[in-house]
Amino acid sequence: MLTEPVTRTQITRGQRLWLYIVVALVMIFLVVPCLLVVPMSFSAGEYLEFPPKELSLRWYRAFLGSPEWLNALWVSVRVAVPTMIIATIIGTAAAWGLHRRTDIFATGVRGIFILPMLVPLILIAVGVFFVYAKVGLNGTIGGLILAHTMLALPFVLTAVGSGLSSFDMALHEASRSLGASELRAFLSVTLPQIRISVMSGAVFAFVTSFDEVVVALFVSSGENETLTRRMFANIRDQVDPTVAAISSLLVGMVIVGMIVFLFIGRDESQEH
Amino acid sequence: MNDIAISSSGKNGRLNADTLRRKEVMERFGATSLTFPGLFLIALVLLVPVLWLFWLSAYDAAGDLSWANYERMGKSIYVRTFTTTFRIAIIVTVCCAILGYPVAYLMSQAGRRLSLVILLSVLLPFWTSVLVRTYAWLVLLQRTGLINTWLQSWGIIDTPLALVHNEFGTIIGMIHVMLPFMILPLYASMKAVDPSLMLAASNCGATPTTAFWQIYFPQTVSGLSSGAGLIFVLCLGFFVTPVLLGGGRTYMWAMQIADNISLYGNWGAASALGVVLVIATAMVLLAVQFVLRRAGGSK
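Protein chains in written order, with the working numbering: chain Z, 1 to 272; chain D, 1 to 299.
It is worth saying that the hints were derived from the structure and are not from the lab. Since we're looking at a predicted model, the values are computed, not measured. We put the beta carbon where it would ideally sit given N, CA and C, even for glycine.
Here are some chain Z residues pointing at chain D (derived, C-beta under 10 Å): (1) Leu25; (2) Ile28; (3) Leu35; (4) Val109; (5) Ile112; (6) Phe129; (7) Met150; (8) Phe210; (9) Leu217; (10) Arg236; (11) Ser248; (12) Ile255.
Work out the full structure: start from the sequences and follow the hints.
Pasting the structure below:
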């Protein structure tokens, strides 16, 4: 709860009540849509209803029994896992390189690495589609991995960079002066110290790829259609309850991920 | 490094200085080269495609160098898209600021447990797929959706309201997507405010309103402007939610780019729209930088 007001410049009790009401409403606005799809996905009806009159796993069965949906999920996984691995390696290397150089060069390079976040996604999608058409990469898993890795780089760089900023460089220098090579010192001394940041960078990279819609809409097709692309087409053309089942699974994944993160965070704070 | 330490005590001091310098240059180059794979990837999949598009925008359908693609921007259909996009971007940004400010404020002032609950309710949608959230709003707002059903059963309305497949639905969905982008930077800037400043203001006789506007608010401008800038930029190029919740009636910039490619195959027009979009985005980001610098400089 709010701490008692120390001075007259802090808000009074009555005003605090208003604050609580407004914030509660905004929180309902934020959370309810995410959670409401879960009960609705268990409906037995032809259409989505809340509360569902009869419960069933019908739409989950529709998802798990459909080769097309499962193939789309499999494509997304086959894109997101390599994206995560490549983006984490390239991004960590870049973050480490930039950390060791703090001059105007590093500032410029950092600016280029942030570009995938700043350039409008629709433009990246159209541009990549255009270039891929020339080299025959449209509709391929490899092409999608390439584009998604590029999109994930700024997230990995930021996550690892923030881990490095609190890392004591003297540890690295010490291991170097004890005779370890640069690579060995990094792998056996530096990397274990920043592993949480690297792991969160990897999670960011996975989610970036798994959730990405716009580039996938242009670049993936046919056999190599991602889950998000298929969901997008389904939502646009008809409100299919199968999407509710998939959405619930995705929301469930996020909630599990948040719980895991909370526990890791607690362990971390206990360590210090 | 240890071999240098041993041999530098020897007689060839000069030689060792050279070795040392060479080693330092090598190490610097080594650090630099670690960024090359990433830079190469960004050049390959971002810079080349986007610059190629820009190049295309300078040619007309016949393949001659011309301004035709940009002259077309004056046409009423394009002007209408621009006004719709900017209007929606402004509404969404302002709504996010108004809704986000109290949430971030309470989160920064409340005790551990309450602020964790608020943080989680901001992070849950933040981490949930945009598609899932857009779908949820579609289900909630549609003619037979939850909101219309409830409003009718309570007797507030007789006929279902048109809440989705129009600008209203688009704006609701976009606010839901963008709100965390406002709350998180605002929270960070509010956490950094020194509470003793408010105490000082009160001791100097400021009323709560004066203290808020003259002491508290200016210190949160950095979070407010970076959140607003990010949201505005994202709104200008937003694609998924307007397509699904706008129902084709709310026509935004990104949709026009996409349709020029997939429906009309008009690369020149799409590219010209893209160039203007990038310029608008860059201008918003520069404006945010300007505000941030001024906010930082006034301290």
